[in-house]
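**Student:** Given next are the chains, with one letter for each unit.
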Amino acid sequence: MIVNLGGSGGLDFHVVGGTTQPSNPKENTIWVNTSTDIPHYVVHYTPPTSETYKVNGAIWICDNSLTWRSPDINIAKNKEKLYLPVFPTNVQQYENGAWVRKTAYVYKRGAWTQVSSEALWLFNNGDDCTANTGGWSTYNYANGISGTYNYGTGVCTKNSGNFVLQVYPEQGIARQTKNKINLSNYSKIEIKLVMSGTKTYAHMDFFASSSSGAVATSENIAAKHRAESLHTSTTTLTLDISSLSGSYYVGVGEFIWGGSAGLKTTVYSMRLI
Amino acid sequence: MPNLYVPGGGDPFSFNVVGGTAPPSNPRENTIWVNTDVPITKVDWNPSKDSSLQQHGRVNINGAATEWRTPYINVLKNPKNVIFRFPKTVYQYVNGVWVHKEAKIFQGGAWIDIIYYLYNSGDKCTSETGGWTGVKASGGAYNLDGDYMHVGYSGSTGRDAALFTVKKVSTYGFETLKVYGYLGSTQQSNGYGFSIGLSTNNTDATPGSFVASVERFETGVFTMALDIGGYQDSYYIKLQADVSKADVHKVWLE
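Residue numbers (the working numbering), protein chains in the order written: chain A, 1 to 273; chain B, 1 to 254.
If you are wondering where the hints come from, they were derived from the structure by calculation, not from laboratory data.
Heads up, some of the hints might be wrong.
[Said to hold, decoys possible] Below, a list of computed lysine-lysine pairs in the DSS-like style, where the Cα atoms sit at most 27 Å apart:
{"hint": "1", "chain 1": "B", "residue 1": "Lys80", "chain 2": "A", "residue 2": "Lys54"}
{"hint": "2", "chain 1": "B", "residue 1": "Lys168", "chain 2": "A", "residue 2": "Lys79"}
{"hint": "3", "chain 1": "A", "residue 1": "Lys224", "chain 2": "B", "residue 2": "Lys168"}
{"hint": "4", "chain 1": "A", "residue 1": "Lys26", "chain 2": "B", "residue 2": "Lys167"}
{"hint": "5", "chain 1": "B", "residue 1": "Lys80", "chain 2": "A", "residue 2": "Lys79"}
{"hint": "6", "chain 1": "B", "residue 1": "Lys42", "chain 2": "A", "residue 2": "Lys77"}
{"hint": "7", "chain 1": "B", "residue 1": "Lys80", "chain 2": "A", "residue 2": "Lys26"}
{"hint": "8", "chain 1": "B", "residue 1": "Lys167", "chain 2": "A", "residue 2": "Lys77"}
{"hint": "9", "chain 1": "A", "residue 1": "Lys81", "chain 2": "B", "residue 2": "Lys178"}
{"hint": "10", "chain 1": "A", "residue 1": "Lys81", "chain 2": "B", "residue 2": "Lys168"}
{"hint": "11", "chain 1": "A", "residue 1": "Lys108", "chain 2": "B", "residue 2": "Lys167"}
{"hint": "12", "chain 1": "A", "residue 1": "Lys224", "chain 2": "B", "residue 2": "Lys80"}
{"hint": "13", "chain 1": "A", "residue 1": "Lys199", "chain 2": "B", "residue 2": "Lys49"}
{"hint": "14", "chain 1": "A", "residue 1": "Lys108", "chain 2": "B", "residue 2": "Lys168"}
{"hint": "15", "chain 1": "A", "residue 1": "Lys79", "chain 2": "B", "residue 2": "Lys42"}
{"hint": "16", "chain 1": "A", "residue 1": "Lys188", "chain 2": "B", "residue 2": "Lys168"}
{"hint": "17", "chain 1": "B", "residue 1": "Lys167", "chain 2": "A", "residue 2": "Lys188"}
{"hint": "18", "chain 1": "A", "residue 1": "Lys188", "chain 2": "A", "residue 2": "Lys178"}
{"hint": "19", "chain 1": "A", "residue 1": "Lys108", "chain 2": "B", "residue 2": "Lys136"}
{"hint": "20", "chain 1": "B", "residue 1": "Lys42", "chain 2": "A", "residue 2": "Lys192"}
{"hint": "21", "chain 1": "A", "residue 1": "Lys81", "chain 2": "B", "residue 2": "Lys167"}
{"hint": "22", "chain 1": "B", "residue 1": "Lys77", "chain 2": "A", "residue 2": "Lys26"}
{"hint": "23", "chain 1": "A", "residue 1": "Lys264", "chain 2": "B", "residue 2": "Lys42"}
{"hint": "24", "chain 1": "B", "residue 1": "Lys42", "chain 2": "A", "residue 2": "Lys81"}
{"hint": "25", "chain 1": "B", "residue 1": "Lys167", "chain 2": "A", "residue 2": "Lys79"}
{"hint": "26", "chain 1": "A", "residue 1": "Lys54", "chain 2": "B", "residue 2": "Lys77"}
{"hint": "27", "chain 1": "B", "residue 1": "Lys80", "chain 2": "A", "residue 2": "Lys77"}
{"hint": "28", "chain 1": "B", "residue 1": "Lys77", "chain 2": "A", "residue 2": "Lys77"}
[Stated by the list, open to error] Here are some, though not all, of the chain A residues that point toward chain B, as calculated from beta-carbon distances under 10 Å:
{"hint": "29", "residue": "Val15"}
{"hint": "30", "residue": "Pro39"}
{"hint": "31", "residue": "Leu237"}
{"hint": "32", "residue": "Leu239"}
In this text, a Cβ means the ideal position worked out from N, Cα and C, and glycines have one as well.
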């Protein structure tokens, strides 16, 4: 027995580029907001590494198909015989030698659904990006709000090109966005920083938190990246947030529970990608 | 419309799916053969097997992957555009239940088994597992090198040792963890055997931190199976020897 997967059915999947949303789109159209011509597209969870596909204008559709999710695009026209879904979670275009996030929408059942956004800056070389964040606030940071390792508050200093968190033993400090930010169309929080002092008896995290006010690693953090070492040269770190949906506060925090040395973290930028 | 790109019509797919009790002769590239005598009514490439798919004869291919692995196919015939799929396991809904099916894909002139190995006779399947690591308590021992992995006690008084995947493995869409090997020694009278299962850590050599596990006491060649249908998440795979000795040749998910 042979299952006819195509025949006259064909492919029910369209990738369209342009700076305005197409009118009268076909079902299962992905519109990419771009002014760069699209020579071809690649659908996979990770960006293509082969030079064959890294052509200026090429589109990479991140297909997070590990679990079923919405919107699903069944690319087969012969839907009675084949269900072959693509689950786009972000769309990027190859420009000047790098993959760049793009705003993209999927058209299904008469409506557009946004599946990708351009990178969203939360802090950029001294700019608090207030339009996106509502500004930033500082809070205590500890393992537990009222329990273990709830110490005094450290110091946060905002400078022209960065902000600095500084703590000494039995202190914690977090800097967190004032507004919740919708993380649904993003896959990572990216931070650029440098650290000095000690990592012994000390933790430095950046995170997505469900509540404002004092932050506790054991109570109200939905996802965090904990620095495994002291990054003494300027370093870019990322936190995978692809499993999160909805809105969260985004922040950076550190605390020390022992020893005698301090920890200083200088943050130059944070963004969602 | 210089920015418009619309793939062409016609038969766009590079693969086909064939059912039967023997592989077809003269298959075309990317033919997937499913060993079944039940006619295939529809093919789903779905990462989950929810109730809406439960129709007699329907075949589900788990083809999602966050890693790059073989066998892979561009499901589109037009090589200009690429939609990758990585067939890992094949099920068919037969008489009210999902049944795991033997399946192969024809690529480069040969049939390749569609089996989602996590360890295969010396191949640590690093893209899926991150590699394998061992942890031992006093008297425990393990060996990760060679054509198989060994885990067990090193002397007469040794206790716990365990093998783990270095990174968590997604169990979405899979029903069973299977391990094939040789169990050389156990102490069944004291309740000490060899366990396979899922863990949220890859550091505890004791039998105490399994999320789900099954234990075996009978020595000799074995194929152990653990039902993981209720554990659809990402876990470390843990193979734990409790005053026992085991050689592990193959680990896979179905």
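**Student:** Against this structure, judge whether each hint is valid.
**Tutor:** Now the hints, each set against the structure:
Of the supplied pair hints, the one linking lysine 80 of chain B and lysine 54 of chain A holds, its CA atoms being roughly 12 Å apart against a limit of 27 Å. The suggested pairing of lysine 168 of chain B with lysine 79 of chain A is violated, with an alpha-carbon distance near 34 Å, which exceeds 27 Å. Proximity of lysine 224 of chain A to lysine 168 of chain B is assessed by CA-CA distance (about 17 Å); at most 27 Å being required, the pair is judged to hold. A distance of roughly 41 Å separates the Cα atoms of lysine 26 of chain A and lysine 167 of chain B; the hinted pair therefore is violated under the 27 Å criterion.
Of the supplied pair hints, the one linking lysine 80 of chain B and lysine 79 of chain A holds, its CA atoms being roughly 24 Å apart against a limit of 27 Å. Under the criterion of a C-alpha separation no larger than 27 Å, the hint pairing lysine 42 of chain B with lysine 77 of chain A is consistent with the structure, at around 13 Å. Distance restraint check for lysine 80 of chain B and lysine 26 of chain A: the Cα-Cα separation of roughly 21 Å lies within the 27 Å cut-off, and the hinted pair is therefore satisfied. Taking the CA atoms of lysine 167 of chain B and lysine 77 of chain A, the gap is near 38 Å; set against the 27 Å cutoff, the hint is violated.
Using a Cα cut-off of 27 Å, the hinted pair lysine 81 of chain A and lysine 178 of chain B is violated, with the two alpha carbons roughly 31 Å apart. Using a Cα cut-off of 27 Å, the hinted pair lysine 81 of chain A and lysine 168 of chain B is violated, with the two alpha carbons roughly 34 Å apart. In summary, the hint linking lysine 108 of chain A to lysine 167 of chain B is not supported, as the alpha carbons are separated by about 36 Å, beyond the 27 Å threshold. At roughly 39 Å between alpha-carbon atoms, lysine 224 of chain A and lysine 80 of chain B are farther apart than 27 Å, so this suggested pair is violated.
At roughly 46 Å between alpha-carbon atoms, lysine 199 of chain A and lysine 49 of chain B are farther apart than 27 Å, so this suggested pair is violated. Taking the CA atoms of lysine 108 of chain A and lysine 168 of chain B, the gap is about 34 Å. The hint is violated against a cut of 27 Å. A distance of roughly 9 Å separates the Cα atoms of lysine 79 of chain A and lysine 42 of chain B; the hinted pair therefore holds under the 27 Å criterion. In summary, the hint linking lysine 188 of chain A to lysine 168 of chain B is supported, as the alpha carbons are separated by about 19 Å, within the 27 Å threshold.
Restraint check for lysine 167 of chain B and lysine 188 of chain A: the C-alpha separation of about 19 Å stays at or below 27 Å, so the hint holds. Between lysine 188 of chain A and lysine 178 of chain A, the direct Cα distance comes to roughly 19 Å. Compliance with the 27 Å bound is thereby established for this hinted pair. As the CA atoms of lysine 108 of chain A and lysine 136 of chain B are separated by approximately 54 Å, the hinted pair breaks the 27 Å bound. This hinted pair does not check out: lysine 42 of chain B and lysine 192 of chain A have alpha carbons roughly 49 Å apart, beyond 27 Å.
The suggested pairing of lysine 81 of chain A with lysine 167 of chain B is violated, with an alpha-carbon distance near 37 Å, which exceeds 27 Å. This hinted pair checks out: lysine 77 of chain B and lysine 26 of chain A have alpha carbons roughly 21 Å apart, not beyond 27 Å. Proposed proximity of lysine 264 of chain A and lysine 42 of chain B is contradicted: the alpha carbons are some 59 Å apart, above 27 Å. Among the hinted pairs, lysine 42 of chain B with lysine 81 of chain A is consistent with the structure: their alpha-carbon atoms are about 5 Å apart, no more than 27 Å.
Between the alpha carbons of lysine 167 of chain B and lysine 79 of chain A the distance comes to roughly 37 Å, so the proposed pair goes past 27 Å and is violated. About 20 Å separates the Cα atoms of lysine 54 of chain A and lysine 77 of chain B, which keeps this hinted pair within 27 Å; it holds. Taking the CA atoms of lysine 80 of chain B and lysine 77 of chain A, the gap is about 20 Å. The hint holds against a cut of 27 Å. Of the supplied pair hints, the one linking lysine 77 of chain B and lysine 77 of chain A holds, its CA atoms being roughly 15 Å apart against a limit of 27 Å.
A cut of 10 Å between beta carbons decides the hint on valine 15 of chain A: the least distance to chain B is about 5 Å, and the hint holds. Proximity of proline 39 of chain A to chain B holds as hinted, the smallest CB-CB distance being about 8 Å (cut-off 10 Å). Because the smallest distance between the Cβ of leucine 237 of chain A and any Cβ of chain B comes to about 18 Å, over 10 Å, the interface hint for this residue is violated. Violation of the interface hint for leucine 239 of chain A is found here, the shortest Cβ-Cβ separation to chain B being roughly 16 Å, above the 10 Å cut-off.
When held up to the earlier numbered hints, the structure conflicts with 2, 4, 8, 9, 10, 11, 12, 13, 14, 19, 20, 21, 23, 25, 31 and 32 and fits the remainder.
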